[in-house]
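Residue strings, one per chain:
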Amino acid sequence: MFKYILRKLVALLPKLLAMSIILFFALELLPGDALSRTMPPDQYQALSEAQKDAAREALGLNDSPVIRYFRWLNQIFHGDFGYSASTGQNIGTMLAGRLPYTIELSFYGLLLATVIGLVLGFLSAFMKNTVVDYFCTSISVFGISLPEFFFGIVFIILFSVHLKWLPSGGRMPVGEHGFFSRVPYLVLPVMTMAISLTAALVRYTKNSMLDVMGKDYIKTARSKGLRETTVSFKHAFRNSLIPTMTLIVMRLPRLVGGSAVIETVFNYPGIGNMALTALNAGDIPVVMITTMTTGVMVLLSSTLVDIVTAMLDPRIRLG
Amino acid sequence: MQEKEYILRVQDLKTDFKVGRKTVHAVNGVTFDVRRGKTLCIVGESGCGKSVTAHSIMQLLPPNGMIAGGSIDYYTPSGACETLSDYKRNGSRIRAIRGKEISMIFQDPMSTLNPVYTVGSQIMEMLKKHEKVDRAEGKARIIRLLGELGIPNPEIRYDQYPHEFSGGMKQRIMIAIAMICNPTLLIADEPTTALDVTIQAQILDLIRRMQKNYGTSVILITHNMGIVVEVADDVAVMYMGRVVEFGSVEQIFANPMHPYTKALMKSVPVLGMNKDRELTVIEGTTPDASTVFTGCEFAERCESARPECFQRFPKDTVVEAGHRVRCLLYEEGGKSNG
Amino acid sequence: MTVQKKKTSLAKRNWQKFIRNRMAVVGMIGLFIIIAACLAAPLLTPYDPTFINPGIRALSPSSEHLLGTDRLGRDIFARILYGGRWSIMIGVVAAMGANLLGAALGCISGYYGGKVDSVLVSIQEMLSIFPGTLINMLCIGFMGKSVRNLLLIFTFTGWPGVMRIVRGRILSLKQEPYVESCRANGIGGTSIMFHHLLPNTLGPIIVNSTMNVAGYILSEAALSYLGLGVPDNVPTWGNIINAAKRLDIVQTLPMLWIAPAAAICLFVLSINFFGDGLRDALDPSSK
Amino acid sequence: MKKLLAMLLALTLMLGAVPCLAEAGESETPLKLQWSQAIGIDTLFESPARDQQSLYPYMVFDTLMYWDGTNSEHVPALATEWSNNEDYTEFTLTIRDGVKWHDGETLTAEDVAFTIEYYIANPNSSGARRFQYVEGYDALKNGEAEHLSGMSVEGNVITLKLAKSYPLFLSGVYSTMILPKHLLGNMAWADIDSSDFWKKPIGCGAYRINEVSFPDYFTCVRFEDYWGEPAGIKNVQFVSYQTGGNEAAVAAMINGDIDFGTRQLITDRSIANNMIRQNADLKALSVNAHNVRCFVFNLNQRADGNMKPDLMKKEVRQAFDLLVDQQTIASFYGGQAIDSATLVNPNAFEYNTDIPYVPKDVAKAKQLLEEANFDFSQTIDIAYYYNDQTTADIMALLTQDFAEAGVKVNTYLMEGDLATLIYTTCNYDLLYLAGANSDAEQSAYYFQCTSWGTYTFMGQLEERTAMFDELMNAYNTTADAEARKELSWKMQALNYENAYMLPAYVLNQTVMYNTAAVEVPETALEAGGVNYCWSQWKMLK
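Chains as they are written, first to last, in this note's numbering: chain G, 1 to 319; chain H, 1 to 338; chain L, 1 to 287; chain P, 1 to 541.
It is possible that some hints are incorrect.
[To be verified] Coverage of chain G stretches by chain P, computed from C-beta distances (three or more under 8 Å per stretch; other residues unrestricted):
#1 78 to 89
#2 93 to 106
#3 152 to 165
#4 256 to 268
[Claimed, not checked] Partial chain G-side listing against chain L, Cβ under 8 Å, derived:
#5 Tyr4
#6 Ala18
#7 Ile144
#8 Leu146
#9 Pro173
#10 Pro253
#11 Gly272
#12 Leu279
#13 Ala281
#14 Val287
#15 Val298
#16 Leu299
The set of hints was computed from the structure by calculation and includes no laboratory data. Here the structure is a predicted model, which is why all the values come from computation and not from measurement. C-beta: ideal position from N, C-alpha, C; glycine also.
The shape of chain G in the complex, shown without the other chains (with noise of 0.2 Å):
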């Protein structure tokens, strides 16, 4: 196991650095001076000419690109990640406000589509015809079917403003930044970011059920005497899983995506939204870098969900 992860991780690092040179370049390849990029706009509109020549100079931009590109990400290592053209903030300050809580609700986001996807597909699959069956594949089918933003705007009328359960937008209470404290700001949202990976979980795992049952070792099971629970749940469930799992992969970038819609309907301060202000604002390092940062978080999550499926399938941890 430990090997299989090693590997997964080692098969990362090239993909990252594809990533980065990419950033890099693009970046490189903005109109505008690089080194208004590596300080405050307005300290650099304080510099005569001479003054940003030097800067040059001792910063290095006038080395050969390959030289640059290492020291630049030396610089993302410890965090320095350029400056924000709109507000002249550094962008790694901005990104630390604001990506461990798209992360979280990511994360959260994903293991609620996951159980609930799971779960409804499991018992979908169980009882097959039944009132359970078509109750979920309703469901399944009705998450599909409308844009998140719509779910989100519902989810407020209904949970905050009619039912007065939990708040309709924000990260936190005031004066608070416990765990706990957060849990009712992260329903609404984590509820919507799962609606429509859900829905698909369902359907596939659902299909994926009733293939594995077809197979020959759920008859081996049932030849030996097991309850019907027993198979269902130990064999053909946990079998099931693994094409479910590549599923979760394909869709990561799709539900990372969504945080740009989820946390604008939600006022919740992560950086999907950034992404999407510093557009309207026209602040190209951030909107790259934001960018980068999702990518890089699909790629980390994937990696997860990779390891996750070794741990069910020996195939592919031993293979």
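Once you've looked at the hints, dock chains H, L and P against the given chain G.
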């Protein structure tokens, strides 16, 4: 007396499958007995209903299949009679029998083992289900059995996953699963079909040895007459969902009566067969399972078919003690059974 | 001649398989009705979807205005029908664009292999790492809001999925003996690729395209919500529902969002059922 | 399976542990407010020189004077006395003694002088123009001088010399929020807005900022050393509803999670009505305001050279006036907008009641256009810069109404650097323009468009300059209200005749508060201006 002699009696078993809106009679009135401690071979071409018969006994039919008639009686060692055909599919009564009393080996060892669990845990599951043993004791027992089944390094193999095993080894594991609880009846559904020829012999040998060591009765399903002659005590020849001939191995091989059995014997090389005997092919193809017949199912391909054969169904005819045949040719000669 | 005959019989068998699937047929009929209604909009409603009539604002449904009117006095029913034309057009054209591009690239990648393949595959991998919503957002942000840009962007960002499918199929088909024999008979690469391999991947491409149509309609709605969809004066379903996103409108004028939401929902449902049916019918392994 | 579950559980807990420990609860019920600011990404507070939209500057900083809307007069705040010479070219302000900054330092006249220079010299400042007549303004703004030559400080008295007579000077200057020189004085003007000071700004207002947790919230507490009457509420919480739509904030207000909603939240009266329907404790106040929306002809230049000579004809412009359906446009705001015949608020003193309201009349417009030989094949470009739904609706209406008369119209949303697009590029024929006037400058729109020089798109039109300059000068140099009104009437009439700017509507503001949670000085708020009277606010729970 019967209860002591027989372990399983199948009477006029009918199993139907629903395919779309049509119903297919996959097994259409099958009758045979399995003698205690003996091996019954069910032979026939693929699609003749032998697997369905085996699955019917275990109540392991797929959701669209169901037992439509007849009875399956199983006699436990204590002499009690369990009518398996009446039990609810996956119900607690049939589950108490499965694995413990009757266990089964399937055709394709590549897909019969769950890929995500170690083989040890899959055998352990069976053992734990039916016997109260602690883990260490169970493990020791399993490892002993694995060794007995000719698996090298059973201690290491115990913790390995199915994909780390070859086909033959996997089938040994299946046998281990089937045998770990010392069942009284083992159903082997074409256990060697998917294996290399050399492995086939080893596996058959194992089954035979297990039967000898543990006194298990065996139903062996095969399409290979060569296997039949080697392992069988009794033989049931099936064609289109019916048993066309039933008898002891000597009776069948010395005196095959049904034209299909005869053709079957000619088409397969049998060990020790005369070199000058020619292999022949049964002409025509097996009809579609949903075909509706008005007479003998084999008549179309039968060399000795008479016009009458196409018009009415033949009846089971007992030609000598323990030897039945279902063919119009013998109906007048023997006494009718139906 | 025989090939021709076999083809039709295969199509016939697939058709029968499709017809047997009740949900698929419901989906197909639903699709047909929606598309026909949108195309026949002028026959079904006398109103102009963009005509602002301040005298009849925010009316409830009546016999005159089947679904009522919106805040500018436009007939909602007319807007839904005409908006459907845009939405479906965007979905279909974008899906076609993305799938054609993906299929072509997949073919090239799978057939030629080697460097071409590894370059295309790494581009594909890179592109599919990034969240589609964000990439679409960025592109619209830089290129500006217009239907043409939206279609271009959907095409540009949508191809990796199809490419992966087609490439996989081509790779396995390449092993088939008949490709060998084609090559032995001196048939050129392009010809083999487009005449012998591509038709065999049509099934998955068609299924993927139908599903994509639904996806693009939803994506368009999401982008509209972020203010980065099509221009405001184009009445797509996404834009119609987006104009009703304000809390007070959602609560007091429900028809403004129920109608477009129902339209999107029905269309996406229909196309999903239809696509599922197609997949089952075209998948040779299913019965 | 167990391993898997354990791993997931561990991950959940790990993520849960990310944030820090909770702080001790507040002792008194705080006032809960919504907070968002104009610039996008909130890592810093915005300087009041840029933003006076949200409530925080009014709490944390203090102004030179307050505007008493009820009595229509300035009242002393940081400036205790003010005076001017006879011809309104020199103003003196006496700064209050003993005012403390939140960090304990004492406020001096130097701070005020520094702030005025900062407002002028900071390139991002939107409040510079109020000082434009002060001598040396241009030199400081362009970076040619370090200080404002027309300003002198003597003890606690500041003297400002104007280059020309301007009686309304103080109406522009009074709301300047004073910043601490001792914390900002050592920086370059351009650096100030992004300096660390704005992570937790220090002012001399009734509240000081206590805890800042961007981008989620910040809290304020009553400043006990405040020079004036202490604030009535001890604790204030600002919750950020910065990102995205207003729906979550509106829902929060309905739920009582926000006690007071500013006009940023209540953009439309129908939003307020819907909120009150669901929470009867909420109350909407109509705030007197002078937000004018109008359509301005570009008669000067377009960067793409695609000028429309037809627009130079008075008749064409009048025809367009007939096509703008003000009544319908105003009705889009659910009662918040008032359709006005001129660019002055109909409720205002200077409003010219003689000017007839111009209803939509397509036939007459068409006739006028034909008489003027209008080229119907050209497309008139209308630019706008608000991206809300109502603006989109207005543009749709406009397109339709113009099309009825056969005029082809292309409306487009300007995005990017608006200042350049509006004032320099000018690629439009009509601009949908918005602006706010103060109470004292009721006719500011005419004033702005002739004198600022920024509105180059019409400022250089000779015909117009000749018409307005004299009147505008007279208006600016007259202190007598009645006389000013007369001048304003003339200008309104002139604009009506020549149709240079087509009035669309005047937008009032709505604020809301939760009557169950807080007591607010309603009259003061409704009167408008910038006097929030914090001492009169009280929490009810």
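> For this structure, which hints from the list above don't hold up?
Replying inline: Of the numbered hints given earlier, those the structure breaks are 5, 9 and 13, listed in rising order.
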